[in-house]
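> Chains as they are written, first to last, in my numbering: chain P, 1 to 488; chain Z, 1 to 183.
Mixed in with the good hints there might be a few duds.
Distance ranges between label pairs, derived from CB positions [what the hints assert, rightly or not]:
| id | chain 1 | residue 1 | chain 2 | residue 2 | range |
| --- | --- | --- | --- | --- | --- |
| 1 | P | Gln330 | Z | Asp8 | 22 to 32 Å |
| 2 | Z | Ser2 | P | Ser264 | 29 to 39 Å |
| 3 | P | Gln330 | Z | Arg171 | 33 to 43 Å |
| 4 | Z | Arg126 | P | Arg351 | 49 to 59 Å |
| 5 | Z | Asp125 | P | Gln330 | 37 to 47 Å |
| 6 | P | Ala393 | Z | Asp8 | 38 to 48 Å |
| 7 | Z | Asp8 | P | Ser281 | 41 to 51 Å |
Covered stretches of chain Z (in silico footprint by chain P; criterion: 3 or more residues with CB under 8 Å from a CB of chain P, positions within the stretch not fixed) [claimed, not checked]:
| id | region |
| --- | --- |
| 8 | 129 to 140 |
| 9 | 153 to 164 |
Read the hints as simulated data drawn from the structure, not as lab findings. The C-beta atom is built at its ideal place from N, Cα and C for all residues, glycine as well.
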Amino acid sequence: MIKDWTFGRKVGLALATMVVLTLAVAAIGILALRSVVERKDAVINVRAHNALLAERLSGLAHRQRGAVRDYLLYGDESFAVEVRTAEQQLDATLGELERSVITPEGLSLVRELRRIIEEYRGVTNRVLTDRGAGSADASGLANRELTPRRVALESSLRSFIEREQTLLEEGRADASRAADRAISGQFGVSALAIVVATVGALLLTRSVTTQVGAAVHSVQSSSAELQAAAHQQASSAKEQATAMAEITTTITELLATSRQIADSAQRVARIAEETAASARSGEETVGAASESVVAIRKQVDGIVTHMLDLGRQSQEIGGILEIINELADQTNILSVNAAIEAAGAGDAGRRFSVVAEEIRRLADRVAGSTKEIRGLIQEVRTAVNTTVMTTEATAKSTDAGVQQFAEVSTALRRIAGLVRATTDASREIELSTKQQASAVEQVNTGVADVAQGAKETEIAASQMLETVSQLSTLSRSLSTLIQSERLI
Amino acid sequence: MSLESRWDRRLDDLRSAFDRSFGEPFEAPSAAPAERVLLLVVAGANYAVRLTECAGVTRAPAVHRLPSTEPAFAGVAVVKGTLVPVYRLATLLRVDPLDAPAPAARVRDASAMEGQWLLMTRGSDRIGLLVDGIDGPEPALLDEPSAEIVQAGGVTCRLLRMDRVLEDLHRLLEPASPLGEAR
Chain P
1 MIKDWTFGRK
11 VGLALATMVV
21 LTLAVAAIGI
31 LALRSVVERK
41 DAVINVRAHN
51 ALLAERLSGL
61 AHRQRGAVRD
71 YLLYGDESFA
81 VEVRTAEQQL
91 DATLGELERS
101 VITPEGLSLV
111 RELRRIIEEY
121 RGVTNRVLTD
131 RGAGSADASG
141 LANRELTPRR
151 VALESSLRSF
161 IEREQTLLEE
171 GRADASRAAD
181 RAISGQFGVS
191 ALAIVVATVG
201 ALLLTRSVTT
211 QVGAAVHSVQ
221 SSSAELQAAA
231 HQQASSAKEQ
241 ATAMAEITTT
251 ITELLATSRQ
261 IADSAQRVAR
271 IAEETAASAR
281 SGEETVGAAS
291 ESVVAIRKQV
301 DGIVTHMLDL
311 GRQSQEIGGI
321 LEIINELADQ
331 TNILSVNAAI
341 EAAGAGDAGR
351 RFSVVAEEIR
361 RLADRVAGST
371 KEIRGLIQEV
381 RTAVNTTVMT
391 TEATAKSTDA
401 GVQQFAEVST
411 ALRRIAGLVR
421 ATTDASREIE
431 LSTKQQASAV
441 EQVNTGVADV
451 AQGAKETEIA
461 ASQMLETVSQ
471 LSTLSRSLST
481 LIQSERLI
Chain Z
1 MSLESRWDRR
11 LDDLRSAFDR
21 SFGEPFEAPS
31 AAPAERVLLL
41 VVAGANYAVR
51 LTECAGVTRA
61 PAVHRLPSTE
71 PAFAGVAVVK
81 GTLVPVYRLA
91 TLLRVDPLDA
101 PAPAARVRDA
111 SAMEGQWLLM
121 TRGSDRIGLL
131 VDGIDGPEPA
141 LLDEPSAEIV
151 QAGGVTCRLL
161 RMDRVLEDLH
171 RLLEPASPLG
181 EAR
């Protein structure tokens, strides 16, 4: 798992280990130093202080004893006061000693000293009282009572002082041993720290060398890839710069085209307005024409009616002509028969035959005329039929024309609407195209910036290529350094 | 020229011609006229017959069929109150209608009276002959009395002799014919 740690974590671990070891060394040193100091303080503060107090007690006892002696010799009251002062100082020093001594043996010695001092004080008070009263036995009392107690006091003080000196020596030796143990412990922990630091440094060096070696290999391969990518990016940047130049040219052309479109849209809007006016005029014209066509339709209906009447009248004429034709036929037959009769009459019927011939000619002429009239009537009927059919066709055409006029009117209204829509659309196109031209200008500016950026990218790619080359050189140097480290 | 003006002018012409015909003085013929014939159309062929051999013409009346073995006999009809036998002249002349030429070449347009006509023969035995058309009478130039082809009315036609037709008919009807029976 540690193999997967980063270099920083490993260095941190090593540093933490060294810190822990250093702290351990420091703690051990501090503990040893504190132990030595405590022991020294105990020697100095307790033993030496007690010895000092004992020496002070001894001195105060000498001072009291000297003052008593002076008072016995001279009887001066100042010596009595000095005796009292020394006694008070003895009491204070003894109290201090009692508070300082903590061992049972020492306390026993201190109590013994107090008892002796109390007895010595009682005898001293009696001596001073006798001397003050002028008793001659005061000196004898002093020799008898004070001397043994003085000897006992001095003996006890010496014992106490000796004991305290013995304890002082023992404390000093104990402190020296504690200092020796601290030095030994400090030396051991320091040696352990050195060993741990050496092992950790080796392990860290090996691990870091391995990881850095792999990283250097990765950096080398990445440098190669990055170099290729930088080459490609440089060429791409050049191509991009070229393309941006072409795009700029195209956008410039597009801008010109947009302006042309805007002008065209403006012209289209103007033409559409004129077209709308023409459409409205055309619609009015179509409306008037439609009314005229409706009137024509009514007239055509009248023509059809008249033509049908004419057809019926021509049929009636035809019927009359049939009668005339039949009469002519009968007349002809009659004339033939008359001619036959005249021929049968011989010369007498010759003049009658002439009349019959005239009648026959007349009948023939009437027949021919009726035939011609029949043809004419047939022509008239044909013309009437043709006229009726033409008129009906005209009526249908008129109806279709009316319908077409209505459709044309509707179409013109639609055209007018569409033209209005076209006008609006043209204006929107004009506005949009102007906005587009503005946008294209902005795009052109942006493209110019992009082209500048492409050039800068090209420069940056070249710089990156140079940097990658330097990185490759650096990675090779680092690889060489790592290999040298391994050899070491 | 419009139809109306043409129509008016034609009517005026007819009216003036009709009125003029009555106003013209009668002129008697200065010389003896030529033989006058009646033009017949039989099975599409033109024939001519002298007026003197005809008793009259009329539109073909209603012919009532009678049983007969003679194919030329069509039946009997009432003409001017007289019952007359009626025969098909084409059958008598043995003319096949299928052999006839085109009608446009044999019938004049102006005066031809088309349809079934009945030609009455002159003589004691009045019979009716069914013909397809009658025209004329027209003057005909007859070089010889026995001529069989004549020019009349601008067409060339065969001259029928009614006496011969009747003789042939009598021969056909002998001995038991409707005509004989009528006798």
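> Would you mind marking each hint as holding or not holding in the structure?
Cross-check of the supplied hints:
1. P/Gln330 to Z/Asp8: 22 to 32 Å: Given about 28 Å between the Cβ atoms, the range holds.
2. Z/Ser2 to P/Ser264: 29 to 39 Å: 60 Å, violated
3. P/Gln330 to Z/Arg171: 33 to 43 Å: The hinted range 33 to 43 Å holds for P/Gln330 and Z/Arg171, with Cβ atoms some 36 Å apart.
4. Z/Arg126 to P/Arg351: 49 to 59 Å: Cβ of Z/Arg126 to Cβ of P/Arg351: about 27 Å, so the range 49 to 59 Å is violated.
5. Z/Asp125 to P/Gln330: 37 to 47 Å: 27 Å, violated
6. P/Ala393 to Z/Asp8: 38 to 48 Å: Check failed, 29 Å falls outside 38 to 48 Å.
7. Z/Asp8 to P/Ser281: 41 to 51 Å: Taking Cβ atoms as reference, Z/Asp8 and P/Ser281 lie about 49 Å apart, which means the hint holds.
8. 129 to 140: Holds, because 3 residues of the region 129 to 140 of chain Z bring their Cβ atoms closer than 8 Å to Cβ atoms of chain P.
9. 153 to 164: Check failed, 0 qualifying residues.
Of the hints listed earlier, those the structure fails to meet are numbers 2, 4, 5, 6 and 9, in rising order.
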